[in-house]
Amino acid sequence: MSKKPLTLAEKVWNSHLVAKGEDGAPDLLYIDLHLVHEVTSPQAFDGLRLAGRQVRRPDLTIATEDHNTPTWDIDQPIADLTSRAQIMALRKNAEEFGIRIHSLGDIDQGIVHVVGPQLGLTMPGITVVCGDSHTSTHGAFGALAMGIGTSEVEHVLATQTLPLKPFKTMAINVEGTLRPGVTSKDIILAVIAKIGTGGGQGYVLEYRGSAIRALSMEARMTICNMSIEAGARAGMVAPDQITFDYLKGRPHAPTGEDWDAAVAYWKTLPTDTDATFDAEVFLDANTLDPFVTWGTNPGQGVSLLGSVPSPDDYEDPNDRAAAVRALEYMGLEAGTKMKDIAVNTVFLGSCTNSRIEDLRSAAEILKGQKMADGVRMLIVPGSAKVRAQAEAEGLDKIFKDFGAEWRFAGCSMCLGMNPDQLAVGERAASTSNRNFEGRQGKGARTHLVSPLVAAATAIRGTLSSPADLESWTNEGGHN
Amino acid sequence: MQKVEVFTGVAVPFRRSNVDTDQIIPAVYLKRITKTGFDDALFASWRADKDFVLNQDAYKNAEVLIAGPDFGTGSSREHAVWALRDYGFKAVFSSKFADIFRGNSGKQGLVAGEITDEDTEKLWQAIEANPGVGATVNLIDRTVSVGSLTVNFAIDEYTRWRLLEGLDDIGLTLRDEQAITDFEQQREAWRPKTLPARS
Ligand code: SF4
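So the protein sequences, as listed, match chains A and B.
The end of the first sequence is residue 479 by our numbering, with every number in the run present.
The end of the second sequence is residue 199 by our numbering, with every number in the run present.
In short, the hints are calculated from the structure, not lab data.
Every value quoted in this text rests on a predicted model; they were computed, and no experiment measured them.
We treat Cβ as the ideally placed atom computed from N, Cα and C, and that holds for glycine.
A hint or two may mislead.
What the hints assert, rightly or not - To give an idea of the chain A side of the interface with chain B (calculated C-beta under 10 Å), a few residues:
#, residue
1, G125
2, T159
3, L178
4, T273
Only chain A is shown next, with the shape it has when bound in the complex:
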């Protein structure tokens, strides 16, 4: 008997069904891994306490502090009272409910989406949830990973399951070879510019094609991380040898017979050849340029070689109105060359681009260079371990010699919830994932960029790619 061909997402969903919903009721799915941080969890724990409930599986739950944590003077008490209260509540709740926690100062502390993969907890074929929209990051391993709200956090803590409505599937096919200086960040910015911030709504995206297969795990995480910016429920990449190699030997990766059983199963996960998707999108990697945003949502992006668009370029009246408003907020004029836009801050960090490869690739550009006048650069590793590794490799020295601030791990300037914020009207090139109004501070202006563009921009002071640098061309780099 031949079985119905299935996509990766459908296979993972089906293997977690605890109860099938009838008459349009949601399915009940088992959750393999629950990541917890301080912002969205306090009321969930309080709800448990109120109802006299326990955490069903502390052994499938892990907490870390990230959103509110300062990135320097981390041995001092947190100044902001709300931030401190959230952190203290997480510590107390973790203790009371028997949950593993990695607090500020601990070597495994860091952004929740950096910590899970680093510990080898994130693996193919599992379900992962977290009270944070960028949980989609973990889909890079071929896991079904979704962000949830606080009442769902409580639900998962109490039951280790979640009622979920079925989804649609979308294939994002990226074929070809990226040119030097073009990265996975540029792929995802181009995808979102193409399908729009609502284009993925109701879908689980699967990134496929030769360009995706060629990417490292860290680069795949960058892509999956931003699936949510296209409105998608989740984003996934099928596991392959690159995935297995990344996982092998990590602290919580399976070992011995368990490893063999796992790999044998993981190899069955990729989408069946004759399976169909509800929608398909195509992107040519061969011709892709570095991509940057000009507006106030991640879909408002263009090639770095292009210019700020005019509202008249949009047919849809809503898009046109959004463009008018975005240009005003961003203080930009239609037709300005993207490369002529000067910034005062460069932020290299966030769960999108704060892993060791991101730091290495930036260091390679920054080495022996001098920062542009009037620019400041914050480099914030995604976890304490990434920080330690970067220091072991001497990257911190390159950053400090360049003039950048080398910080401790956390969400930092990705969002204005900790002391790292932009002032009104300041303009940043940021490797994070959201350029919403006020995201990086009240009145702050954000251009989303790749780590390579961030580094080149810090050198030149205007939005730039490595190809604009003399050193790059001299060394035979691509122009």
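Model the placement of chain B with the ligand on the given structure of chain A, informed by the hints.
Same frame as chain A, now just chain B with the ligand:
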């Protein structure tokens, strides 16, 4: 969540319409990290006025709120229901509720019953004639009574069932607890475990 069937509590004539969630609980109270203890936040700006109905002796310890039309509009904050619940309210009646507010109520064990504008007026008059009088809310019969006056209220069947059974979302899922346990027993050994911690 406690089962709700029939109960009697002090009723308040709340002669206001379009009570939005910002009035029920102002945004400044949303920074808290608990899910309880919002009793002081309920109607915080109105309560500063000593003539406000809840500040009158007769309506101390009120449990049943009879409000005008369009109750619970505005932002979707669940805190609005928490605040009403923490203050001691077990039921709210109005001729029209905002959908999200109504949904949040059912999940937290607060009865949100729809009555006609006409019955609202009758209930107000009955209470005002005898301030501090109790109202009897009967979820089985879907009625609310003050003295000899009894009016019907509407509530959707699913929410009513959940309230009668005392089931919150988690309680609902836990009816499948056996299936969860069975599922856990056949989970493969390679799947991740956070404990014991390895670093
Ligand atoms: S780095 Fe930014 S996007 Fe990622 S979890 Fe932190 S705040 Fe959210």
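What hints, given by number in increasing order, does this structure fail?
Numbers 3 and 4, in rising order.
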